[in-house]
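> Sequence:
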Amino acid sequence: MFTSYDQFNQSNLYRRSSAKAPLKTQRRRAGSAPSPGIHLEASMLTQGFARFIHARRTDLLAIVRQFTPNWFAATMGTGILALDLNQLPGLHRPAMALWLLNIALFALFTLLYAARWLLYPREAARIFGHSVMSMFLGTIPMGLATIINGFIAFGLAPLGPEAVGIATALWWADVALSLVIGIGVPFLMVIRQDHAIERMTAVWLLPVVAAEVAAASGAQIVPHLGNPHLALLVDILSYALWAYSVPVALGIVAVLLLRLVLHRLPHRDMAPSSWLTLGPIGTGALGLLLLGADAQGALAPLGLPGLADAARGIGLIGGVILWGYGVWWLAFAVLATLRYLRGGIPFNLGWWGFTFPLGVYAATTFALAGQTHLALFHIAAVAMTASLAALWVIVAAMTLRGAASRALFAAPCLLRGAIPEDALTADMV
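According to our numbering, the sequence shown is numbered sequentially starting from 1.
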């Protein structure tokens, strides 16, 4: 139906012009109109692509919502393996490649965890009430420390003095994180979380140990600082960080031994935690060894040469004593793991606990070999590094499989009843 005479005339004019048009033109006009089938296929493709994008976005948001800081344990294990491999001849390039991979992993995990706090802040904050997952906040500064050490081990040749500047800047951030987490999480254990001696495991060590790991990192930076006053500051602060952490950690280790005697080994899900005691012992020894070796240059502005000699001697003797203490816990961890293997150990991200403690203990053994020139320490360090590499391959492969299936993306603190506040809410209801 036409609404005006002009529309009627225009329609007739179109029909007449079409009738008079050459046959080629009419065919072209007829062929230019898409068939209903093409419209349907295009619509299906568009809808399919939209569903694909929506599904991927939903999957990513689910991963972000369930992302927890225990993933940073993977950066600890990867970073310490890179540093240990660098101690062996001919492995500098593979070790550097592993360190670069570790930087990428740390950046990815930081992005995911930051996104969780931005998108789901109330759910992310539940970690402060969780008696286990909150301990893994300590893995963040410890994972960063392996990257800092890598800038000294791998970055000096390609970057020069800039590597030292980057390492120093990151170290200050690491110190701040270590100090806050080192007192913040234990204080939350006292005032907010629910703990019992029979449920205690070595994961209690994770937030406390971060400061002594930062101390060992500071000791590696000190010899490369051109400013003697800055070197003195970093050296003294590293000693303070060592004292901030090691005595508390050793106290926890003593209580842990009592708990093991009274209540036997923890559940098999926590089997890798048997190795965590090597962490504070190995890092404590490494810090003393490295800080003692730095003392001659770092303490020079004080004008007390005798103090530097004493620091070096204390570092060596203290390192050997702690290393010997670690032998006992290493043997205990091996025996406990063999016991667990009889019933099977289910895989979880806690398996990365097999790697970093052994790796830092191997690094301490390398340092002892360098200062004493005893073949015993060198052979032991090489054997530990070989074991660490084998463990890393196994744990990394299983982690990739679990990440691909998304089985490892599960935040236990989101479960109802996981934190004390849930019980209070239930009582109010």
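Warning: the hint list may mix true and false statements.
[What the hints assert, rightly or not] Label-pair ranges, simulated between beta-carbon atoms:
#1 ALA240 to LEU341: 39 to 47 Å
#2 VAL261 to ALA169: 44 to 52 Å
#3 PRO161 to LEU108: 26 to 34 Å
#4 ALA407 to LEU100: 21 to 29 Å
Calculated from the structure, these hints are not laboratory results.
Predicted model, so just to flag it, every value in this text is computed and none were measured.
Using N, Cα and C, we set each Cβ at its ideal position, and we do this for glycine too.
> For each hint, tell me whether it holds in the structure or not.
Right, here's what the structure says about each hint:
1. ALA240 to LEU341: 39 to 47 Å: The hint (39 to 47 Å, Cβ to Cβ) holds, given that ALA240 and LEU341 are roughly 41 Å apart.
2. VAL261 to ALA169: 44 to 52 Å: holds, 45 Å
3. PRO161 to LEU108: 26 to 34 Å: Taking Cβ atoms as reference, PRO161 and LEU108 lie about 28 Å apart, which means the hint holds.
4. ALA407 to LEU100: 21 to 29 Å: holds, 28 Å
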